[in-house]
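Student: The whole structure should be built from the sequences, with the hints applied where relevant.
First to last, the sequence lines map onto chains A and B. The first sequence begins at 1 in my numbering and counts up one residue at a time. The second sequence begins at 1001 in my numbering and counts up one residue at a time.
Worth flagging that the hints you see were computed from the coordinates, not collected in a lab. The beta carbon of each residue, even a glycine, is placed where N, CA and C say it ideally should be. Wrong hints could be hidden among the right ones.
These stretches of chain A come out as covered by chain B in the derived footprint (C-beta under 8 Å, 3 or more residues) [what the hints assert, rightly or not]:
1. 29-41
2. 86-97
3. 121-127
4. 150-158
5. 259-271
Computed, partial: chain B to chain A, Cβ under 8 Å [stated by the list, open to error]:
6. 1241
7. 1289
8. 1290
9. 1332
10. 1394
11. 1395
12. 1444
13. 1447
14. 1450
15. 1452
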Amino acid sequence: MPENSPPQKCSVAIVGGGTSGLALATELTRLGVKDVVILERENTAGGVPRHCGHHGFGIREFKRLMTGPDYARALVKKAKMAGVGICTSVTVTALHPGGRLSLSKPDGSAELQADRVVLCTGVRESSRAQRLIGGQRPQGVLSTGALQSMAYLQGKRPFRRPVILGTELVSFSAIMTCRHLGIKPVAMLEENSRVTVRQIMRPYPALMGVPVVFGASDVRVIGGHQVEAVDFLDKAGTRQMIAADGVIVSGDFRPESALLRMSHIDVDPASCGPSIDQYGRCSDPAYFCTGNLLRPVETSAWCWREAVETAARVALDLQARNDSSAPSVPLSLAHPALKLVVPQRLTDSANAGAMTQMQIRLQHPYKGTLIARSGNETLWRKHINSRPERRILAPLPHSESGAPIELTLT
Amino acid sequence: MSPQPDSPDIYDIAIIGAGVVGCALARRFVLDGARVVVIEKAAEVLDGASKANSAILHTGFDAPTGSLEQKCVAAGYQEYLDIHESLGLPILRSGAIVLAWDEDQAAKLDGLIAKAHDNGVHDAVRLTRDEILEREPHLSPDLKGGFLVPGEFLIDPWSTAHAYILHALANGATLLRGTEVLSGSFANQMWRLSTTNGPVEARQVVTSAGLYGDIVDERLLGKAAFTIHPRKGQFVVFDKPAAELAESIILPVPSATTKGIVVCRTIFGNLLVGPTAEEQDSRIDSSTEAQMLADLCAKGTEMLPALESCEIAATYAGLRPATAFTDYQIKHHTLQNYTSVGGIRSTGLSAALGIARHVASLIPNLKQVPINNPIIPEPIRLSNYQERDWETAGNGGIVCHCELVTKREIEAALTGPMPPTTLQGLKRRTRVCMGRCQGFYCTGPLATLTEGRLDPPIGGTDAGK
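Tutor: See the structure below:
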């Protein structure tokens, strides 16, 4: 049920009450910032972990192994105890310059003016449409998130013999959700020649008795009212069919960025999140961003820590009133294998609390040397042997020269 | 779902097929004072050709001059403008620009403008390349020229037909969904139809069976004057931020078989690219193909380069009931009290009201008295360009975050005069699950909200642990 109606003014408004938003709000309040408000569109705060009924949360934050829902409840409790205002069933419908927000609530629309806004809208899995998966349009094609919401929050079992598309960590989470429902996926289909998750998880599907098919491309969904089968081209280019009554379209996370894209704030086409500086500030300095909206996709533990650090920067910014017109220097990518870098630009200011590391992701697997240059000067070189789903951390240089910084690979 | 026991069992008109044309026919005959039954094979209205189109209200500027299609599109267009406010139907006065991308196409522009003028679309006017780029700065500068058709508008493809059938139902029509006509006999000026839901008796039969038009004619008349050749059209819908890339409807110079790939906003605030035109035998298989969808994205990006960084919200395909003829196939069989309305291809949404008036004029002996002060159904407000329910008090909170669909809207659809029987039906009535997340967020809560209402249920037929 909706809690707390949003005020008309506050010091910090946080858009999204998932791990990042809750951790950020709690830390801001601990740092002495008053009037911190979380705007959560669901009727309960907690975000994606609410859907993940399995274990794997909380080690860093609460020093114990927790299920997603327990972890989400613990984050909410901690935020409330700290004095954070959590407004649920409140949807932010537009971002305006200077921290003014349009809202929709069950009793109509409203506005909120905040000194600072922090965007914590997180990620979701790519849909079937976004992956251009062809075929018919029967019922029973779900993302892992939708399946988990049905299984753990609504007590529903939408199918019994699904095929899982993808082999990311969340795809394994889908197997666990199926186990919870007492059902077994008939297969996992992976377009590449190996599973995406790290080495340690690889035996899991075999242990669960779920065959993994590699090199499966051009997947099509078949069925009238309900899914009847999935077909695909195998490694040899022959079309194969697997009977199934559901499809779990898992992973391939993307930032939940529609609100951002329809606003005045600059979006980085590479990350699909906002373009931020080393303080987490967006192009409109009243707006900050933290968490998975910055880039797909990190664990809750990572987002929690990132949010705690962002909170310190927002708190400092509220005191210091940093010069918003300070010019910034872009961090650009000069090699096709480089997918994204966060932050995207450096503001030429010597304030405390700046990030010390940049996060880099690859377009495809690469082994070689990552180089940061500024003009003719090489700032650093770093050997990498990495894959798209892994983060690469590298030192964030100061831009004293004011010259643009370029990342490349050799 | 059967005729009410206290009413006479004989209808004046039985309409077979509840696509947009059937819905418009029902409304027309009811307003003209007839007792109408609409018989639909599918569990839901708009489940065939009408479920997927480009949602444009066409002027008919490019239809063959003097054709029945051109006449019905022009009449349908005018009636839509006349009634849309009273039925609460939205209209987005976007205008269209027909673009030439090479010299061959550019050479056809003046002929097309002359044809538009012949078709009564007198405001069609040539634009220079610079004028076009000024209006549409996101278009690729590769374009060669074009012309403006100010009267081409965007409408809501589903609420439009829903409003027609709801208008008919509010004023006494009967709708039989999930009811297939199996056979029929005509004797003593009376049709007796045998359906999967029992017999139905009516003085006149009008068929608007779309993809099954020839099959229904064969079942009832013993022969059909046309054969349906389904023509598939695939579409890609880009998410709302892409809508700012094109103010006007962007049309290509049409070919002999198709209007070609259109790029336009939707009334729901997305941007659509499509359709393809693919001949096939199946009347039900509206599969999409990854390669075709990728080609559509590429085609869209060629015209609007900024589309490259835009997110896809949805993909779909529709089937148009084409025939070997270019024109509509509408024929009244006087001796059998039977009117066949077939071959309504791409322009059905624009022409439906005009087709209904045309068909009504073909049936001579109805002698009904138009009803006074017909009841107007509750309007359906899904346009992104008007006030939506989420902006008003008491909406119950937003359930579908992408399309901002409220709990109150979903409950209104579920308890309304024509409640949805399938998830597809609920989607068309409310737009729930139609957005960028394709159900990532709302499927779970929606499964609970719709418990016991939809077949198949969203949450499966058995409960989990």
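Student: Find the hints from earlier in the document that the structure breaks and name them by number, from lowest to highest.
Tutor: 1, 9, 14 and 15
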